[in-house]
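Using the hints provided, position chain B relative to the given structure of chain A.
The listed protein sequences correspond, in order, to chains A and B.
Here the working numbering is used: position 349 in the first sequence is 349, and no number is missing along the way.
Here the working numbering is used: position 99 in the second sequence is 99, and no number is missing along the way.
It is worth saying that the hints were derived from the structure and are not from the lab.
Mixed in with the good hints, there may be bad ones.
To be verified - Below, in silico cross-link-like pairs of lysine to any residue (SDA-like), each with a Cα-Cα straight-line distance of 25 Å or less: (1) B/Lys74 - A/Val571; (2) A/Lys318 - B/Leu168; (3) B/Lys17 - A/Val569; (4) B/Lys156 - A/Arg430; (5) A/Lys38 - A/Leu17; (6) A/Lys282 - B/Arg197; (7) A/Lys556 - A/Ser433.
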Amino acid sequence: MKVELHDIGKLIDWKALGLQNANNSGQPTEGEPHDFEKCLQWDPAIDFDSDAWQVIFRKDDIEAGNNRRGLQLRRDYWPDSLTYIWASIGDELASGWGRGAKEREFQQNPIFGRYCLWTGVQNQDTRLKTKEALDEMIRFINRSPSWEDAEHKYGDLWFQRAETARPGLNITSLHAHSVLAGKFAGIISLNSAKYFSPGLTWDEIKSQFPKLKITVAHFRIDFYQRPFRVSEWNIFAQRRAVLDGMSAEFIKNVIGYVGNQIIAIFPSKLDAMNFAVGICEKGFIIDYRLKETDYSDIKGHKGHLLEALKQDWQRYYKEPPAEEISLPICEVCQMSHAHYHWPADHLAKMSSVTDRSKQLLKETSWRDLDASNFPPQDQPFLSEWLDESSDEELCPACFHLRENSQRLRKLAQWKGFDVAWVYLSLDLDRLTSVLQCLQTEYIKTFFSDLPAKIEVTYPLIGDFIEDYKEALREFNNILLRQFDDAGIEQVDDDLWCIRLENRSKAIDIIDHFRDLMVSRFPKLTQTAHDVRSPISFSMSVSQHKYPFFVHLRCLKEATADVSIQVVNVGVANIPLRFLADVLQTLDHGRSTALHRLREIARTSRTLAELEMRNNKFDDLRDILQRKVDFQSLLILTNLMEDQDG
Amino acid sequence: MDKTSVENPGFLKYHLKADLLCLGERIRGSVFRPCLDVFTYTALVGALKARFPHPCRKLHAVGRFIPNGPGSNKPEIMIFSPRDRSREISVTPLEIGYLANVNAEIFILKNDFTVKFPDEFLFRLGAMKSKGFGQCYMTRIAEVSLPHPKDVKKGKLNVRIPDDQQILNELGIQEVISPIYGYLFQPKTGGTGRYIRALFQDSYVKANPILLNEE
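So here's chain A without its partners, still in its complex pose (with noise of 0.2 Å):
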């Protein structure tokens, strides 16, 4: 239906063309012509066999005068059509806050281009302003191009443009937006049909919104596993490529995808549970929120997009599990009997491993089995597996999975050296409460009295993922350029392994995290003391041995911005705002004080705590005081200076 072009037209700057009537002063006595109102007796002329005309020129009055021009056009060219009504529809739904009366309150001068709440930086007006331009965008129009090619051919601008250019509200990218109105128009037109026919003007189809349902979901998906070893960390890859397969194949729902977290637009909430089955048919947890809704008011329910957001976790079950499950019970998963164990079958499995060997496999229990027992040309590689594997009771799918993991060969070549786990993670919860008070310090710049309650709504949402995505791919190269490639396990988007020469190298790392949030998400690093930061970085440090997931509870049950546990020291809780104070303390300049605090810890740690009192340690306390607790602050100081605690 190419609905996503349907505001290509904010991409030309028309005024400057002369196209949009301005007064003596310069400022425009009527709206801008995006819809390509004024380019009907156009050279070149519009092609009205490019349907993609259709969700342009959606509107029953086009020009002044309400003379019905886009009406007529309609009946003219596509009398058979229902895009238009799609279009206006995914367009409506789409659209920021304040769309519609809401925006008169909003009367300043026009800013086009998009301001960034999280980074604060006011896009340039980078709308074309030639005739070239517009003569070269009616040609692109007339090709029938799909919204691929429109992405391709204008690049940038569809980012830096905002979706609205009232001032406070041009905080969302026409790209965000054009994105959204093509899958709410999609998903709309699949069960909606039956309430339109052709021809029908604005009026007449708001008349059927009542009747239109969608249902916004909220998915999280995880894995009954408890990953306990390296061999079993291909369940992160696995369910990387569920949740790839997934939203490839739902493209047309999923409006969201972030972590193992995906947000879809469904027409029912059948729909919805389909998607639910799909994943757990896979072997894999599905929590779900979501929220059916109806348009009564559509221009009011933008914001109630949202509401799935609000709503309980539940949990997806195809049908309740078994009552009872007989000994044993897999050890990975806890959730289903144990057929299998490991790696006694595996091995047994093994064209490669001789009938003598496959038969005591089977027979004898792996802990009283010896590398003498096996036929002398299997002793090398079995004697290998007896040396590094215990038995384990599977279930047939922990085995399966099991099977198919890679060899992590980067970590068997760890040994002796500590490791750090580090994991980035996106709460859409917090992000929405943050982008809420961003949006209206941002919008109290223009207007002390705020016109309305300012809702933050999913086009906002859906840019700011796209950063944290972007942010994500450099936050993995900055970690390569220092720790090189054959010293970092990447076990998921979000998920690393650091191989570190010394403990100190993970202050480096928290470094690089903060540099990475001033860059990009400075706005994030200045909110009020009682807001957390929606984007979290847990880490977990020991030595390379240590069982993976002691690591994985700590970072995935973090309870602060920063969250940074050495394994049996403690764990360091520091809040994003006060992140580059606290590093700043560490660094040379007062190291000294912190060396000798931590050596009178060692003896007491009361008598460390009156020490801080002590007039020498001045800066440290007013850190203290603030900012960081002093296990915290401890705990960072013994990284950094290599020292167990």
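Frame of chain A; chain B shown alone:
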């Protein structure tokens, strides 16, 4: 409901204190035994029954950890080398997760059997008892009445409970809105046992507030 009459039905609330507690899960790969951070109905009831054996009387109990300063309920890991006495060799070192400096509240359903429990007593809970883990000091601090119907709340479970309607009724779970299932080990006589379906922590229920996470 346990039909033995009792005045003011409700729960006996105890404070539990322990230096070391291993609410052990199944050993992983013979080398690591994780520790839970929630109580399980089966472990609590089993331990209390061992302390106060009675072949016929029912006993229901739940518990929740409570913070008591920065060092309380602190997860730790220790390594020990078990010895296989039959073969007289040391086997692969085992890493044990445990909680140190434990503070918790235990709620024992009141009936004419449990009401006679002493105000203070010791009992052993969890794994690694022979190594000094799990010695719990219990002190009765209150009696908690059953909640008024309007005080029953919706919230997330803070304990693991068998998905058995009788047990759910006894403990005051009125409705299971969104379950999170798992399995709990239920021992049988003769040293064997089975795993029974259970409601795990964070299941969304309508229940007595003592069973719910505090928001």
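Hint check:
1. B/Lys74 - A/Val571: Cα-Cα ~11 Å, so holds.
2. A/Lys318 - B/Leu168: holds, 23 Å
3. B/Lys17 - A/Val569: holds, 23 Å
4. B/Lys156 - A/Arg430: holds, 20 Å
5. A/Lys38 - A/Leu17: holds, 11 Å
6. A/Lys282 - B/Arg197: With a Cα-Cα distance of about 22 Å, the restraint between A/Lys282 and B/Arg197 holds, given a limit of 25 Å.
7. A/Lys556 - A/Ser433: holds, 21 Å
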